[in-house]
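Residues per chain, in single letters:
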Amino acid sequence: MIAVEGLTKAYGSRLALDHVSFEVPEREIFGFVGPNGAGKTTTLRILAALLEPTGGRAFIDGADVTREREKVHTRIGYMPDFFGVYDQLSVGEYLDFYAACYRQPKQRRQKIVDDLLALVGMTERKGQLVDTLSRGLKQRVCLARALVHDPAVLLLDEPASGLDPRARVEMREILKELQRMGKTIVISSHILPELTELCTMVGIIDHGRMRATGSVRDVIARLTSGRRLRITVIAEKDAAIEILEPLPAVKHVQAVNGTIEAEYEGDEVTASEILATLTGAGIRVSSFTPVDGGLEDAFLRATSEEVG
Amino acid sequence: MNPIARTLWNPIVAKEYRSRMRTWRSPLTITIHVIVLGGIGWAVFSAIANSVAGFGSSGGGVSPSSMGILLFTFLILFQIVLLAFITPALTSGAISGERERQTIDLLFVTPLAPFSIIWGKLLASMSFVVLLLVLSVPIFSLVFLFGGIELDQVVAAFALTAVTAMTLGFVGVAFSTFFKRTLAATVASYGAAFVMLVGSPGFGLLFPTEYDARAAVVPAPPALALISPVVPLLVIASGQPVSTYGTRASVDSQLQLSKGAGNGACVGLPNGGVSCSSNGGFSGYSPGTGTASPGTTLHTGFLAGLQYWQASIVMQLMICAVALALSALLLPPIRRFGWRRNRAPAAEPA
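Chains A and G are the protein sequences, given in the same order.
Under the working numbering, read the first sequence as residues 1 to 308, first letter to last.
Under the working numbering, read the second sequence as residues 1001 to 1350, first letter to last.
These aren't lab readings, by the way, just hints derived from the structure by calculation.
Just to be clear, a hint being listed does not mean it is correct.
In silico BS3-like links for lysine-lysine, alpha-carbon gap of 30 Å or less [stated by the list, open to error]: (1) Lys1180(G) to Lys237(A); (2) Lys1180(G) to Lys71(A); (3) Lys176(A) to Lys251(A); (4) Lys106(A) to Lys71(A); (5) Lys71(A) to Lys138(A); (6) Lys71(A) to Lys111(A).
Work out the full structure: start from the sequences and follow the hints.
Here you go:
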């Protein structure tokens, strides 16, 4: 559905995007993760045909974003990270205006507006001036606005930024519902735990380069699996920590809720050697489990080292 | 709806109407416009009445028709000045305001063409100006109490005023598209309004068209001097040409003429009047016959055959076309110019 090939954007001598490539199949939610200034917004603006790339190509449902802008605009719903609203317009009028801009027939627009307001849970706010809404409600209206022409692809730039926890949960539920409706969604965010729950795919970008991309499970496994151990011992927890700490492969040890978590460098052989050291010292180990890190771990690792 | 109709009547027009008329600024602007214009009319009317009373029962030779012409002249010129203040304020934030409000990207991702966006903004602003003009009609009707002004003169003056406001609007939108900030666009728009209303007549005074004093036909002023509506409005109001405005008899021809005529440099005008000039400046109305045409018609240049106000409209429409084209060209987020081609820089080593 979305294909990005070697996308590059230069501002003078500074490269904002450096040969970024990724693909998003249909009906996937792609989480675009990166620190501020990494190139997330630049990528989304290029995908929305609002910015011309210096090099590379990108396609939305087969339409080239640099050559078929009109087609792209009919196939995407774009929600920028910062956006304004028109004062003096009610929520219903605001959505009706954009539906008209997208050339929706007048007799259908009322139903479109009502359906979208129901989808984002704002039916009772239809007559309220859009400028008087809270940020969370404005975000919802803007999401509804992006849907007025029933696009196949949604490009959402930080849709949850500035929202309180409840509003974030509600936004997440709306996005899940949109996925069930068959939308392909690209969502940039720096709120990683939410992306882990929401996204099916993830791309980690830093300094304009794509550090890792793939399914959430694969990326996390690739970047973090086997590097953290959760060890449960019978009674000799302090002794076990004293044995683990001096080991050269072990980088950090801490007690967490009755268990021991140890970070180490190495592979499965290293892990088995750590276990052998503990049992050889007479520590009774009841469980010894490699722990997968979360997206946050993967992100930190991806942005602190080069990933092939 | 066909594509042309869809472009000319697009959702932005309706949205602009709705949001513009819901603010307190619109009724306030309308009220101030009518009060100021009405006040000017009342002040001029009072001044005329007092001056007539001062001359006693004889009336001092001031006829009702000349009172009507004077009142009309003041009203139409003040209306132009008022619109020169109002129109840039209406249009200079049209696009830059969208940028500042961060709503412009949301328009760019719709199928609306840049021209449609510009046109929608212009149409909404110009409709408001037309509303102001319509509301001023009752004030102008006072003129008919005195006579001296015909309906066709009023229509011509209103047409020129409307086109002037439109030109100021188009230029304002062009600046709004060019500048990112509304403040800069507003300053530039007011600067353009000043240049148009004052600079253009000044150009005619400083750089008049030179002609042979013995020529049978007085040439037209420079085309740039006709952009301003001020002189054409004076011509409409008086029904007479401004004889030597924007023209100057060459020194040699004046000398030769003075040798032949005895003294002075006097030029016979096509309408039967005679104009005497020594410096080529604004020397007032010619003592012509007093009818609108053909004395108010330009005789040379590419605007030959047109009356002053028609020539001004033509010049202004040309400015409108340029401003509209520039606006539509500058507005899109991705501008495609033939001479620019992007190339991907080489990838940095990982």
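Structure-based check of each hint:
Taken as a hint, the Lys1180(G) and Lys237(A) pair is broken in the structure, with Cα atoms around 65 Å apart against an allowance of 30 Å. Restraint check for Lys1180(G) and Lys71(A): the C-alpha separation of about 28 Å stays at or below 30 Å, so the hint holds. Proposed proximity of Lys176(A) and Lys251(A) is contradicted: the alpha carbons are some 39 Å apart, above 30 Å. With a CA separation close to 22 Å, the supplied pair Lys106(A) and Lys71(A) stays within the 30 Å bound.
For the hint pairing Lys71(A) with Lys138(A), the CA-to-CA distance comes to about 27 Å; that is within 30 Å, so the pair holds. Of the pairs offered as hints, the one joining Lys71(A) and Lys111(A) holds, with about 24 Å between alpha carbons and a cut-off of 30 Å not exceeded.
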